[in-house]
Amino acid sequence: MPESASTQALDTFPRLLIHHAQVRGSRTAMREKDLGIWQSWTWQAVAEEVRALACGLAEMGFQRGENLAIVGDNRPRMYMMMTAVQCLGGVPLPLYQDAVASEMLFVLLDAEVRFVFVEDQEQVDKILEIQEQLPCLEHVLYDDPRGMRHYTLPFIHDIRELLAMGRIHDRNHPDLLVSEVARGGPDDVSVMLYTSGTTGKPKGVRLTHHAFISAARGGAEFDRLTADEDILSYLPMAWVGDHLFSFAQAMVTGFTINCPESAETVMTDLREIGPTYYFAPPRVFENLLTQVMIRMEDASLLKQKMFHSFMAVARRSGAEILDGQPVSLADRLLYALGSVFVYGPLKNVLGMSRIRVAYTAGAAIGPDLFRFYRSIGINLKQLYGQTETCAYVCLQPDGEIKFDSVGKPAPGVEVKIADNGEILVRGPMLLKEYYKRPDATAEAINADGYFMTGDAGLFDDDGHLKIIDRAKDVGKLANGAMYAPNYLENKLKFFQYIKEAVVFGDRRQMVCAFINIDVGAVGNWAERRGIAYSGYTDLAGKEEVYGLIQESIEQVNAELVGEGTLADSQIHRFLILHKELDPDDDELTRTRKVRRNFVAEKYAVLIDALYAGRSRQFIETAVKFEDGRQGKVAADLLIRDVKTFGLAGRDA
Amino acid sequence: MSRQIGEVILDLKNVSLSFGGVKALTDISFDVREHEIRAIIGPNGAGKSSMLNVINGVYRPQQGDIILRGRRFSRMNPYEAAKAGISRTFQNIALFKGMNVIDNLMTGRNLKIRSNLIQQAFWWGPARREELAHRAKVEEVIDFLEIQHIRKTPVGRLPYGLQKRVDLGRALAMEPSILLLDEPMAGMNVEEKQDMCRFILDVNDQFGTTIVLIEHDMAVVMDISDRVVVLDYGKKIGDGAPDEVRANPEVITAYLGASH
Amino acid sequence: MGFFLETLIGGLMAGMLYSLVALGFVLIFKASGVFNFAQGAMVLFAALAMARFAVWIPDWLGIGNPALANTLAFLAAGALMFVVAWLIERLVLRHLVNQEGATLLMATLGIAYVLEGVGTSLFGSDIYKIDVGMPKEPVMILEGSFEGGLLINKEDFVAALIAAVLVGLLALFFQKTATGRALRAVADDHQAAQSIGIPLNRIWVIVWCVAGVVALVAGVIWGSKLGVQFSLATVALRGLPVVILGGLTSIPGAIIGGLIIGVGEKLSEVYLGPMIGGGIEIWFAYQLALVFLLFRPQGLFGEKIIDRV
Amino acid sequence: MLYRENGQFKTSYAADQQIFPIAQDRWAIVGLLLFAFVGIPLLVDEYLLRAILIPFLILSLAALGVNILVGFCGQITLGAGAFMAVGAYAAYNFHIRIEGLPLLLSFLLGGLTAAAVGIFFGIPSLRVRGLYLAVATLAAQFFTDWVFLRVPWFTDNASSGSVSVSNLQVLGWQIATPVDKYLFCLGWLVVFALLAKNMTRSAIGRQWMAIRDMDVAAEVIGIRPLFAKLSAFAVSSFFVGTAGTLWGFIHLSSWEPAAFSVDRSFQLLFMVIIGGLGSIMGSFFGAAFIVILPIALNQFLPAFGGLFGVTISTAGVSHAELIVFGALIIFFLIKEPHGIARLWSTAKEKLRLWPFPH
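Residue numbers (our numbering), protein chains in the order written: chain A, 1 to 652; chain B, 1 to 260; chain C, 1 to 309; chain D, 1 to 358.
Mixed in with the good hints there might be a few duds.
[Claimed, not checked] Lysine to aspartate or glutamate pairs mimicking EDC-like chemistry, simulated, CA-CA at most 16 Å apart:
| hint | chain 1 | residue 1 | chain 2 | residue 2 |
| --- | --- | --- | --- | --- |
| 1 | B | K152 | A | E264 |
| 2 | A | K602 | A | D584 |
| 3 | B | K137 | A | D110 |
| 4 | D | K197 | B | D103 |
| 5 | D | K10 | A | D34 |
| 6 | B | K152 | A | D34 |
| 7 | B | K97 | C | D131 |
| 8 | D | K10 | B | E139 |
| 9 | B | K112 | B | D65 |
| 10 | B | K13 | B | D65 |
| 11 | C | K154 | C | D131 |
| 12 | B | K137 | D | D215 |
| 13 | A | K432 | A | E443 |
| 14 | B | K152 | D | D16 |
| 15 | B | K97 | D | D215 |
| 16 | A | K436 | A | D110 |
| 17 | D | K350 | A | D298 |
| 18 | B | K152 | D | D156 |
Just so you know, the hints here were simulated from the structure itself, not pulled from any lab data.
Build out the structure end to end from the sequences listed, making use of the hints.
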């Protein structure tokens, strides 16, 4: 890359790349497991290839400011293409590689894409499927030539052609790229990411170099990331999280990104690389944990005993030791022993031995799950952010980890809570605009430059932000206190015995709840106690089960007391539904989200019973069985009062 | 399709084979053209496998000639065949159970090894360089057959379908010009069969490899092969493009006869 | 000339004994595909038992009559061999079904060690005599036809006779009796035999019992010739080339092979030996076998092996 | 449990194909060698060296050779002892007949002679398999037994082939004390073990294993059985032969053909069976096992018998030894055909997967 460019400030990604190519040119920038070994690219090599790509694009008439769609698994060349596009002042637009053609159609049209860079034959076929409907589409470039021999269509090119073309072009116009990079500025858009809006069409979020660089830099300083980190890049490139961790932060700090060989081999590749910096959504951690437990099942009794006893030790003191809090000497010794026999090896087989910092985000993570990883000595933390904020709003500082908060506002970010409880953020990392949607942009960013996250939350006494709900779902109790149903429901659902919960309370005196028990967990519990039952309905009706659930709810209440304005949301009465909420009965969405209003109507009688203070209520409901037959479930439901805390007088 | 069928490269003339009086093949003649996919079909015991075994010299026919690229072999032997660029897979997989996938494929590179025993014993310059170079080649095959995840698994532990794939892999590692496939899809489920078909076509298409295959599954054969030979009780009863063969009454009866 | 004939006959007689040992091999190999290296150990074991029982039993029962004592001892030893056979099938063969020849061979090596160990620790490891009253003194025959006639060792003669009889009996047993036919069936094809309801395990026990008896007889004869001592175990090694020569699966092969080797050894010993230092019987037999291997791997009478793909 | 493999990723085939790809293993082996070369000479007394360690080293070498033939190439041999004998006597002849021939050289020449003989007796393997081959190798055994017993020329007219050597020097190093002998054998073994490993992990090794696992398929992919088998015989005999020279020159320093009898052949075969067919490691395990077992029995059996008031004579012990050997062979063939080496590698796998069972 052009030397002269490096004299400019490091405020765009191309300039950062040039910088790394100079200061750590021979260090590894990217690895990809391919043909059995980890093929590596030095920063120098990356710079060279990016240059060739960029020149090739220029040769093909790629214009400053236009969008180039990128579709495929995490591959080095895909990341390089992003920078190449940025060099020419274009906007890379990564798409979800698993989207079907029709889903891509909207985005490709909306972004008026002329150039698409795809990974392989599979993606090319998708594009060809919708090609007629894409008037602007001019060029399809592919990375993996496998099976492409017979794609003779003139607008389909092997990326190698582009590279070759680029090298020639570069020889003829050696200073083109220098000037192009020079023309670019920090406030240019560096990437466009589409958000799958819960309502309406997806919106293209336009984020600037400045935004992503400051977000990346902030995070990197916050966690003292160095150029020696290794990260495994396996999450969709179209996801803001991957773009921040695998692209922006790598570019800022100069650490190495590692691309797995294939979807099947991620676990092995993870073990081999042993990343020092790791990012995954909660479900990944959850699956890992389940696997651990399942695999331990088959272990010899002795081993299991050892495992569980040491895990008990970890639960007791692991997290504290990690946070450097005082722990009894005995426990310290036990823990040391444990790390030899269990935690160490376990981390090794999970590929987490070398992790310094691990983050999770994107959804609420269960306290037990979270605690498990921390207790075996993995510094797992939560962060909070959206696509619109470069996934950068709040971070959990080392040593101040709370299971139910997302940490403190990150460096350079202002966070405030609107009086309707909505979280507002301001800072350099905000989006520039929604693509071609000034209306949406205006809606999202208020007069004094705050972005409205649409999430409701509150700060606890230590200044940690706690996300409680989607702002639009937040209501008020009759006494005006904030009422956040999803928050309560999540709290309930973290108990293994509770599968689903629906709470009511908006504009009401008190909060009441429907509960769905988890047949598996409660079933085991019942068997252990020798309680016979014939099925869900029967089990759900048992006094003992009510007792069990009641305990859980009271625990929730106890927690709520400590949570300021939410104290009023303590659950006063509950019942256990006689049937499981079911998508087939339209009670849940296909993604298993509760349809609150539908449920409210369907079970109006029960709600009345709850608030009328009755202690039993008969109900009969129609159900669809798997085979589509209609049927009826009838039951005479118990209703229980629950102990509430602190605030006297309102106990039912 | 970009590939075009070329000249005859393998020509069998009046081949007869018998085991201690039992006639396995009687006076069979057919040819194989370059780049084509040539199928040999026939009911059980029709002598299909024997045919392949004659082609690459595992069995020695009592009469008949094998003419390979104009060179005449009255009795081929496996080593000669291999050197002449013929490789094959086996009906009842004949992998090297004691080795993992990589090593099995590496054996396929054997003919291309130049270094000698001493050099290998000392893991010395040429030997070492060769090992690495051939490993790279083998990895390409692994990639081609999409068996990365079992690279280092001992073949004994693999499920049947994958073993078949490795068997093919070993044959491919030889970079053959003629590939003999002995019931490549026997005992596979539908989707395994589809994969295998894809691989066979890809091989033929990308490397221009000539393919002679034996297969039970008529549907598959008719789909992928350019020309078909039909054997029955060691005699040739049909030869030609799939459609002709399908129409051939003798063939039909043979199959009906075989299928009760 | 006379001398030549003498050596020839001597060889034939020795050969008869080889055939006997070889027969042990062939029986077991036919029926269970096992190449029984323990045959020699069995001979030793049987001989030891015989020798000791012949001494102990009279003491216990206070029998004076040597003939009776010997008979009883022989029966006892026979019974013991049956037990051994049964144990071998139970503890070893059963667990090694369908293993390749080499594995089984090594297993029988193990058996051989165990037998030798047990035998010697049960019966002691000194040299014992077996006296079944075989005539010792040599006889002259055919004095008419040559001057000097032929000097024949009677003992050898008797021994050869017994061997011949036993061989004949076994041949009959194989051809005529139901069990014999079952045995042949098994030998030809295990699976098939099993499918038509021939109980493999029982067959094996039987074969090993028969082999045990053969071993016993061989043991008695050799024992009374050379005395019972550890070296008896090596007669197996003597028998080996015989079966290679005769073919592992053929009873006549074993017999003819035995004779050829016997004669070959004697002649070579007498005519070649002096030239190159003597003591060449053993390896001569083996080289003979080796040459055979190269030109006719399946032996004189064995079936040809075709390996199909 | 002890393994921490995260971050040990391979960026080149060279790194991926090294003998010990896992760092922890590399450290372990380095430590082991240090101990063997430095620690043991300091700690161990003469008896231990003479009675256990030196025999162990030499027999390991022989076992390596046998394993190459039996374990890797699947050609069974009952004549290993013969090749030890050939090695020893050949080296002896070079030693005494050629003035001033360096000892190392005569050792190697001994090995080469053994290799030549090995090739000769391996020829039948081209026609026959399994037990037939065993017979052929036995032929070698008996033939050599006889030759060195009866043909005076080979033994420099020594009566009944008993010969002896004295004041051995290697590159000016006087090999006199047990420690010298131990170190010499150790060094020799390390080098040869490395050679063996290299062969088994490169083309030639794969040829052997291919022949072993599926000879028809091997031929079809262009492996010449002739070359594969004979090379296995040659290399194997070379190893065994040199082991023979060490056994004669270094360990016994005066010996007769009986030192390499058929029993030795069986012993070596047992080593590879018990130790692990087709495993370099296994050869060492097997050798160690078979060297130590008798001594252990000698130590413990009498004591053990004592517990029950039974007195076990030395004869009794040697009988017991036979029984135990035989039983072990059978046990391993039935229960663990891949011998101790397999147990070892499963244990290792378990450690790597710890705390998971699989």
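Now for the hints, and whether the structure bears them out:
Between the alpha carbons of B/K152 and A/E264 the distance comes to roughly 15 Å, so the proposed pair stays at or under 16 Å and holds. Taking the CA atoms of A/K602 and A/D584, the gap is about 14 Å. The hint holds against a cut of 16 Å. Restraint check for B/K137 and A/D110: not satisfied, since their Cα atoms lie roughly 44 Å apart, outside the 16 Å limit. A threshold of 16 Å between alpha carbons decides the hint, and for D/K197 with B/D103 the separation of about 15 Å falls inside it, so the pair holds.
At roughly 11 Å between alpha-carbon atoms, D/K10 and A/D34 fall within 16 Å of each other, so this suggested pair holds. For a cut-off of 16 Å, the pair hint linking B/K152 to A/D34 stands: about 15 Å separates their Cα positions. With a CA separation close to 56 Å, the supplied pair B/K97 and C/D131 exceeds the 16 Å bound. The suggested pairing of D/K10 with B/E139 holds, with an alpha-carbon distance near 14 Å, which does not exceed 16 Å.
Distance restraint check for B/K112 and B/D65: the Cα-Cα separation of roughly 28 Å exceeds the 16 Å cut-off, and the hinted pair is therefore not satisfied. Between B/K13 and B/D65 the CA atoms are separated by roughly 5 Å; this keeps the pair inside 16 Å, and the hint holds. For the hint pairing C/K154 with C/D131, the CA-to-CA distance comes to about 15 Å; that is within 16 Å, so the pair holds. A distance of roughly 24 Å separates the Cα atoms of B/K137 and D/D215; the hinted pair therefore is violated under the 16 Å criterion.
This hinted pair checks out: A/K432 and A/E443 have alpha carbons roughly 13 Å apart, not beyond 16 Å. Distance hint between B/K152 and D/D16 is fulfilled; the C-alpha atoms sit about 11 Å from each other, no more than 16 Å. For the given pair, B/K97 sits about 12 Å from D/D215 by alpha-carbon distance, which is consistent with the 16 Å threshold. For the given pair, A/K436 sits about 9 Å from A/D110 by alpha-carbon distance, which is consistent with the 16 Å threshold.
Proximity of D/K350 to A/D298 is assessed by CA-CA distance (about 13 Å); at most 16 Å being required, the pair is judged to hold. A hinted pair counts as satisfied when its Cα atoms are at most 16 Å apart, and B/K152 with D/D156 does not qualify at roughly 54 Å.
Of the numbered hints stated above, those contradicted by the structure are hints 3, 7, 9, 12, 18, listed in ascending order.
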